[in-house]
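Participant: Okay, here's what each chain looks like letter by letter:
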Amino acid sequence: MSMDIAEYKRIVVAFRSSLLAVARHITGNTQDAEDVVQDVCLKMWHQRDRFEQYENVEAYCVTMARNMSIDRIRSRRPSVGESVLLGQEAEERLPDSLLEEKDDSDTIRNIIRMLPPLQQRILQMKDIEGYETDEITRITGIAPEAVRNNLSRARKRVRELCRIYFQIK
Amino acid sequence: MNNNMLTDIHRLIEKYFEGQTSSGEEKMLRDYFAQPGLPDDLKEYAPLFRFLDNESKAIAVLNGIRLDDEAAVRWRQSLRKYGTIAAVAASLFIALILLTPETSSTSQKGNYVWVDGQRITDPRTVREYAELSFDKVQPENDIIADQLRAFSE
Chain A
1 MSMDIAEYKR
11 IVVAFRSSLL
21 AVARHITGNT
31 QDAEDVVQDV
41 CLKMWHQRDR
51 FEQYENVEAY
61 CVTMARNMSI
71 DRIRSRRPSV
81 GESVLLGQEA
91 EERLPDSLLE
101 EKDDSDTIRN
111 IIRMLPPLQQ
121 RILQMKDIEG
131 YETDEITRIT
141 GIAPEAVRNN
151 LSRARKRVRE
161 LCRIYFQIK
Chain B
1001 MNNNMLTDIH
1011 RLIEKYFEGQ
1021 TSSGEEKMLR
1031 DYFAQPGLPD
1041 DLKEYAPLFR
1051 FLDNESKAIA
1061 VLNGIRLDDE
1071 AAVRWRQSLR
1081 KYGTIAAVAA
1091 SLFIALILLT
1101 PETSSTSQKG
1111 NYVWVDGQRI
1121 TDPRTVREYA
1131 ELSFDKVQPE
1141 NDIIADQLRA
1151 FSE
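Protein sequence lines, in the order shown, are assigned to chains A and B. Residue numbers 1 to 169, in my numbering, belong to the letters of the first sequence in order. Residue numbers 1001 to 1153, in my numbering, belong to the letters of the second sequence in order.
Hint data in this document are derived by calculation from the structure and do not stem from the laboratory. Every value quoted in this text rests on a predicted model; they were computed, and no experiment measured them. Where is the CB? At the ideal position from N, CA and C, for every residue including glycine. Do not take every clue at face value.
Below are the DSSO-like pairs computed for lysine-lysine, each with C-alpha atoms no more than 27 Å apart in a straight line [unchecked claim]: (1) B:1015 / B:1027; (2) B:1057 / B:1043; (3) A:43 / B:1057; (4) A:156 / A:9; (5) B:1057 / A:9; (6) B:1015 / A:9; (7) A:169 / A:9; (8) A:43 / B:1136; (9) A:156 / B:1043; (10) B:1057 / B:1027; (11) A:9 / A:43; (12) B:1015 / B:1043; (13) A:169 / B:1136; (14) B:1081 / A:156; (15) A:43 / B:1043; (16) A:9 / B:1043; (17) A:169 / A:156; (18) B:1081 / B:1015; (19) B:1057 / B:1081; (20) A:156 / B:1136.
To spell it out: a stretch of chain B is covered by chain A in this simulated footprint if at least three of its residues, at any positions, have a beta carbon under 8 Å from a beta carbon of chain A; those stretches are [claimed, not checked]: (21) 1017-1028; (22) 1042-1050; (23) 1078-1084; (24) 1089-1095.
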């Protein structure tokens, strides 16, 4: 039986401190550790239908946290300039790393992370955190028209990369 | 599925990619793409809207847990701070009591006497004891007077 949102919350609360401890130990940084734990927990939710096949879910999640922490220290976040460049390159071709992803959800998340920082932030706020455009305007100080333009560009770019990915797949 | 609904979905998708949809309209799209049996021309959008639906649900839970954690940390910090203040205040109070000299060694209020190991505070009882004691003293005075008288004779 697939887990519901209440069960998911119970599991995250139970595992969170051990996942944070592992991630903090490897990354040596609380912010990176929080990001890793968030990624592990998101993965947990997207893979909830497959949970029954794991004998020890906590051990599986701790292993995931360890691997993601190691990946994070291997490739610390690129600077803003590099992120923008990465985003521009992605327009022309789909990065090989995306084709190696096993999960569609990981692929789409990584596609979103390839967006230029402003587009990424606005898409995140609108489509994932559930803010309305006027709230984003108030929080970021960006004009409503600019918010809509960036959001539109971000969504179209994600659609384009998803199309390429799912066609190749 | 009727044509009107499909037209609405196409219109909403167009609006979505132009950045013009409200949160309510986006929820309609997510609910629509969560269903099985989508028309072929709309199937390509399903992974994206399903991802967004899943991701936003999980993020809401994770943000809630993180806020609870931060509130618990703040609570522990303020508890530690106020605990320290209370401990210092208690120490000062005890030190004040211990270091203040007593103003009088007879700090007990009221009158009392000790008779045969008993503390008597009732004035009438005290008077009775005193009179009894004086009565005992009187015959002794008489003995001395008799002896003096005999000596002088």
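Participant: With reference to the structure, classify each hint as holding or not holding.
Facilitator: Evaluation of the provided hints:
Distance restraint check for residue 1015 of chain B and residue 1027 of chain B: the Cα-Cα separation of roughly 13 Å lies within the 27 Å cut-off, and the hinted pair is therefore satisfied. For a cut-off of 27 Å, the pair hint linking residue 1057 of chain B to residue 1043 of chain B stands: about 22 Å separates their Cα positions. Note on residue 43 of chain A and residue 1057 of chain B: the hinted pairing holds, with a Cα-Cα distance of about 13 Å set against a maximum of 27 Å. Proposed proximity of residue 156 of chain A and residue 9 of chain A is contradicted: the alpha carbons are some 32 Å apart, above 27 Å.
The suggested pairing of residue 1057 of chain B with residue 9 of chain A holds, with an alpha-carbon distance near 11 Å, which does not exceed 27 Å. Restraint check for residue 1015 of chain B and residue 9 of chain A: not satisfied, since their Cα atoms lie roughly 33 Å apart, outside the 27 Å limit. For the hint pairing residue 169 of chain A with residue 9 of chain A, the CA-to-CA distance comes to about 33 Å; that exceeds 27 Å, so the pair is violated. Using a Cα cut-off of 27 Å, the hinted pair residue 43 of chain A and residue 1136 of chain B is violated, with the two alpha carbons roughly 103 Å apart.
Of the pairs offered as hints, the one joining residue 156 of chain A and residue 1043 of chain B holds, with about 16 Å between alpha carbons and a cut-off of 27 Å not exceeded. Note on residue 1057 of chain B and residue 1027 of chain B: the hinted pairing holds, with a Cα-Cα distance of about 12 Å set against a maximum of 27 Å. Taking the CA atoms of residue 9 of chain A and residue 43 of chain A, the gap is about 14 Å. The hint holds against a cut of 27 Å. At roughly 18 Å between alpha-carbon atoms, residue 1015 of chain B and residue 1043 of chain B fall within 27 Å of each other, so this suggested pair holds.
Of the pairs offered as hints, the one joining residue 169 of chain A and residue 1136 of chain B is violated, with about 124 Å between alpha carbons and a cut-off of 27 Å exceeded. Between the alpha carbons of residue 1081 of chain B and residue 156 of chain A the distance comes to roughly 52 Å, so the proposed pair goes past 27 Å and is violated. At most 27 Å may separate the alpha-carbon atoms for a hinted pair to count; residue 43 of chain A and residue 1043 of chain B meet this at roughly 23 Å. Note on residue 9 of chain A and residue 1043 of chain B: the hinted pairing is violated, with a Cα-Cα distance of about 31 Å set against a maximum of 27 Å.
With a CA separation close to 20 Å, the supplied pair residue 169 of chain A and residue 156 of chain A stays within the 27 Å bound. For a cut-off of 27 Å, the pair hint linking residue 1081 of chain B to residue 1015 of chain B is broken: about 53 Å separates their Cα positions. The straight-line distance between the Cα atoms of residue 1057 of chain B and residue 1081 of chain B is roughly 36 Å, outside the 27 Å bound, and the hint therefore fails. Simply put, residue 156 of chain A and residue 1136 of chain B have alpha-carbon atoms about 120 Å apart, too far for the 27 Å limit, and the pair is violated.
By the rule of at least three residues with a Cβ nearer than 8 Å to a Cβ of chain A, the coverage given for the stretch 1017-1028 of chain B holds, with 7 such residues. Check on the stretch 1042-1050 of chain B: 4 of its residues sit with their Cβ under 8 Å from a Cβ of chain A, so the three-residue criterion for coverage holds. With 0 residues carrying a beta carbon less than 8 Å from a beta carbon of chain A, the stretch 1078-1084 of chain B misses the three-residue requirement, and the given coverage is violated. For the stretch 1089-1095 of chain B, the assignment as covered by chain A is violated, since 0 residues bring a beta-carbon within under 8 Å of that chain's beta-carbons and 3 are needed.
Going through the hint list in order, the structure does not satisfy hints 4, 6, 7, 8, 13, 14, 16, 18, 19, 20, 23 and 24.
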